[in-house]
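Engineer: Sequence:
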Amino acid sequence: MNSSDIGLIGLAVMGENLVLNMESKGFQVSVFNRTTEVTEKFAANRGAGKNIVAAKTIEEFVASLAKPRKIMIMVKAGAAVDAVINQLLPHLDKGDVVIDGGNSLYSDTQRREEALSAKGLNYLGIGVSGGEEGALKGPSLMPGGTKNAWEIVSPIYRKIAAQVEGEPCCRYMGPGGAGHYVKMVHNGIEYGDMQLICEAYAILHDVLSLDADELHEVFDTWNKGDLDSFLIEITANIFRRRDPDTGKPLVDVILDKAGQKGTGKWTLQSAIEQAVVVSTINAAVEARVLSSMKDQRVRASKILPKPQSFIYEGDKAKLIDAVRDALYASKIISYAQGFTLFAAAAKQYGWDLHFGDIATIWRGGCIIRAKFLNRIKEAFDRNPQLENLMLDPFFSAVLEKSQANWRLAVSTAIQAGVAVPAFAASLSYFDSYRQERLPANLLQAQRDYFGAHTYERVDKPGTFHTEWLQ
Numbered sequence: 000m001n002s003s004d005i006g007l008i009g010l011a012v013m014g015e016n017l018v019l020n021m022e023s024k025g026f027q028v029s030v031f032n033r034t035t036e037v038t039e040k041f042a043a044n045r046g047a048g049k050n051i052v053a054a055k056t057i058e059e060f061v062a063s064l065a066k067p068r069k070i071m072i073m074v075k076a077g078a079a080v081d082a083v084i085n086q087l088l089p090h091l092d093k094g095d096v097v098i099d100g101g102n103s104l105y106s107d108t109q110r111r112e113e114a115l116s117a118k119g120l121n122y123l124g125i126g127v128s129g130g131e132e133g134a135l136k137g138p139s140l141m142p143g144g145t146k147n148a149w150e151i152v153s154p155i156y157r158k159i160a161a162q163v164e165g166e167p168c169c170r171y172m173g174p175g176g177a178g179h180y181v182k183m184v185h186n187g188i189e190y191g192d193m194q195l196i197c198e199a200y201a202i203l204h205d206v207l208s209l210d211a212d213e214l215h216e217v218f219d220t221w222n223k224g225d226l227d228s229f230l231i232e233i234t235a236n237i238f239r240r241r242d243p244d245t246g247k248p249l250v251d252v253i254l255d256k257a258g259q260k261g262t263g264k265w266t267l268q269s270a271i272e273q274a275v276v277v278s279t280i281n282a283a284v285e286a287r288v289l290s291s292m293k294d295q296r297v298r299a300s301k302i303l304p305k306p307q308s309f310i311y312e313g314d315k316a317k318l319i320d321a322v323r324d325a326l327y328a329s330k331i332i333s334y335a336q337g338f339t340l341f342a343a344a345a346k347q348y349g350w351d352l353h354f355g356d357i358a359t360i361w362r363g364g365c366i367i368r369a370k371f372l373n374r375i376k377e378a379f380d381r382n383p384q385l386e387n388l389m390l391d392p393f394f395s396a397v398l399e400k401s402q403a404n405w406r407l408a409v410s411t412a413i414q415a416g417v418a419v420p421a422f423a424a425s426l427s428y429f430d431s432y433r434q435e436r437l438p439a440n441l442l443q444a445q446r447d448y449f450g451a452h453t454y455e456r457v458d459k460p461g462t463f464h465t466e467w468l469q
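Numbering that gives the first Met the number 0 numbers the first residue of the sequence shown as 0 and each following residue consecutively.
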C-alpha cells in the first residue's frame, strides 16, 4: 500500500529518533535497516503502536511509500551512502527524492546530486544537528540540493525542526553540497566552542584550583549572561555529576583522550583551499590530536621541564571574570572565521548563502545553539555584506571591552604553563587582523633573497627584485 509520507534507511540512534520525531508530528514513516533484526527490534519496542511501517526488504520499503517517494538515508558517511543509493536506484521512479541526512562531505553530496539528476531523480544533502535529543525533539536542519526537491519535502522537515520564536530552525541553504557545507562548518565551530570551554576549565582548575562544585557555580553563572548556550549549560551540569564507583567528580575520572569524526578536519582542508584563516578551529582540531597522543604525553611529562612554580597571587574573582571575557571574545573570533569561510565558499561554488539565516537556524536544536547567535543575525541584518563579524559595532565594542581581560587570561595561562591554544590563536588572529602593518615585509624580503620571488614597495607601484648578494 503506497501510504507512507516518508521512508528512512538506517536505524542507529539518530535514525530511530528522527523516525519517532516524524511520526509524532503526524507523518506515517516506513523504515528499513540492512540488518532485519534491528528493524524488527525497533518496531517491537520504541516503534510499537505507532504509525510506522517496518520493511524487511528494499522492495517492500520502496513499495510502501507514497509518490513522489521521499527516502532519507541515515548511514555512515562515505561508501555506505553510495551503497544504499545503488541499492535503491533500480526501484525508484523519476521525480522521487533521495535525502542524505548524515555528515557527508559536501563534495560527495555535489557528486551524488549530479549523478541522480541525470537519472531524473531529486537529491538533497541535509545537515542535521542536535544529537540524539535534537533528532527526537527538534533538530537544526541545513538542507542543500535542488530547490524543487526541497519544496517537495519541506513540509515534513520544517515541521520536525526545532522551533524558536515561532520559526523552524530550518532554511534552504542552496544547491549542490551547500547544506552539508554549512553543517561541516557548524561542526568546525563546535570544535572551537568546545575547546575554548575546555581551556577556560583548565585555567580555573589548574591555576585557581577550583573544585567541581565551584566550577559548576562559575559555569552556571556564566550561562545566565552573554555566554548563555547549550554547551555552557551542559558543562555546568557535568561538574555536578559524581562517579558512583569512586565518589569523585565524574569529570576527574574520564580519560583525557578525545576523538573526532572528520568534519573538523574537512573544515580545515576547505579553509586551506579557500585561503581563509580558521586558526581557532585549527587549534581545536590540533588539541584533539594531541590529546589522543596520551602515551607519548605521559612519557614526555617525565622528561620535559615544567615552568618554575607559579602561584597566582592576584584577585581570584578578577581572574574568573578575565577567563569569562577571554571565552566570549575568543568565541566571537571563532564565529568570525567560520562566517568568513562561508563567504569564500559561497563565492567559489556560486551559493547564495544568507548568513543571517544560518545564524537563525542555529538558535535551536543544534549543539552550538546560544543566545549569542541572535547578535550574529542582527549584525548581518545591519550589513548583509559585512566583511568580518569583528567589524560589526556590537562585536567590536565587546572585543574592546574584553581585550584587557582576554590578555590577562592568556598571559596568566602561559606563565603557569597551562596550554590554551585556542585562546591564544584567537587573540593572535585579532592582533594580526587589527594591525595596519605586519612583519610580512621581512618575509617578502627573505623570499626575494633566496628565491627571487620579488616584492612590492610602499612608496611606488610595480614589482621589484634586489640582488641581495652584491
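Think of the hints as simulated: they come from the structure by calculation, not from any bench. The structure presented is a predicted model; accordingly, all values stated were derived computationally and were not measured. Hints should not be assumed to be uniformly reliable.
Claimed, not checked - Heads up, simulated PhoX-like pairs for lysine-lysine below, C-alpha to C-alpha not over 25 Å straight-line:
{"#": "1", "residue 1": "Lys346", "residue 2": "Lys370"}
{"#": "2", "residue 1": "Lys256", "residue 2": "Lys315"}
{"#": "3", "residue 1": "Lys370", "residue 2": "Lys301"}
{"#": "4", "residue 1": "Lys264", "residue 2": "Lys305"}
{"#": "5", "residue 1": "Lys256", "residue 2": "Lys305"}
Stated by the list, open to error - Here are the computed distance ranges between Cβ atoms for each label pair:
{"#": "6", "residue 1": "Leu390", "residue 2": "Glu213", "range": "32 to 40 Å"}
{"#": "7", "residue 1": "Asp227", "residue 2": "Gly165", "range": "26 to 34 Å"}
{"#": "8", "residue 1": "Thr220", "residue 2": "Leu390", "range": "46 to 54 Å"}
{"#": "9", "residue 1": "Leu249", "residue 2": "Asn85", "range": "43 to 51 Å"}
{"#": "10", "residue 1": "Ser308", "residue 2": "Lys75", "range": "26 to 34 Å"}
{"#": "11", "residue 1": "Ile302", "residue 2": "Gln414", "range": "19 to 27 Å"}
{"#": "12", "residue 1": "Ala403", "residue 2": "Ile302", "range": "35 to 43 Å"}
{"#": "13", "residue 1": "Arg433", "residue 2": "Gly258", "range": "33 to 41 Å"}
{"#": "14", "residue 1": "Gly165", "residue 2": "Gln384", "range": "23 to 31 Å"}
{"#": "15", "residue 1": "Tyr432", "residue 2": "Phe309", "range": "26 to 34 Å"}
{"#": "16", "residue 1": "Asp458", "residue 2": "Ile302", "range": "48 to 56 Å"}
{"#": "17", "residue 1": "Leu442", "residue 2": "Arg240", "range": "48 to 56 Å"}
All C-beta atoms in this analysis are idealised placements derived from N, C-alpha and C, irrespective of residue type, glycine included.
Engineer: Does the Cβ distance between Asp227 and Gly165 fall inside 26 to 34 Å?
Structural biologist: Distance hint for Asp227, Gly165 is violated at roughly 20 Å.
Engineer: Do the Cβ positions of Arg433 and Gly258 conform to the proposed distance bound of 33 to 41 Å?
Structural biologist: For Gly258 against Arg433, whose Cβ atoms are near 35 Å apart, the range 33 to 41 Å holds.
Engineer: Falls inside 26 to 34 Å, the C-beta gap from Tyr432 to Phe309?
Structural biologist: 30 Å, holds
Engineer: Tell me if the beta carbons of Leu249 and Asn85 are separated by a distance inside 43 to 51 Å.
Structural biologist: 44 Å, holds
Engineer: Could you tell me whether the CB distance from Gly165 to Gln384 stays inside 23 to 31 Å?
Structural biologist: For Gly165 and Gln384 the Cβ distance comes to about 28 Å; the hint holds.
Engineer: Take a quick look at whether Lys370 and Lys301 sit within 25 Å of each other, Cα to Cα.
Structural biologist: 43 Å, violated
Engineer: Determine whether the Cβ-Cβ distance between Leu390 and Glu213 falls within the hinted range of 32 to 40 Å.
Structural biologist: 37 Å, holds
Engineer: Within 26 to 34 Å: is that where the Cβ-Cβ distance between Ser308 and Lys75 falls?
Structural biologist: 48 Å, violated
Engineer: Checking one constraint from the list: CA of Lys264 to CA of Lys305, max 25 Å. Satisfied?
Structural biologist: 31 Å, violated
Engineer: That 46 to 54 Å hint for Thr220 and Leu390 (C-beta), does it hold up?
Structural biologist: With a Cβ separation near 30 Å, Thr220 and Leu390 fall outside 46 to 54 Å, so the hint is violated.
Engineer: Do Ala403 and Ile302 keep their Cβ atoms within the hinted range of 35 to 43 Å?
Structural biologist: 37 Å, holds
Engineer: Are the Cα positions of Lys256 and Lys305 separated by 25 Å at most?
Structural biologist: Given that 25 Å is the threshold and the Cα spacing comes to 21 Å, the pair holds.
In the structure shown, a violation is registered for the earlier hints numbered 1, 2, 3, 4, 7, 8, 10, in ascending order.
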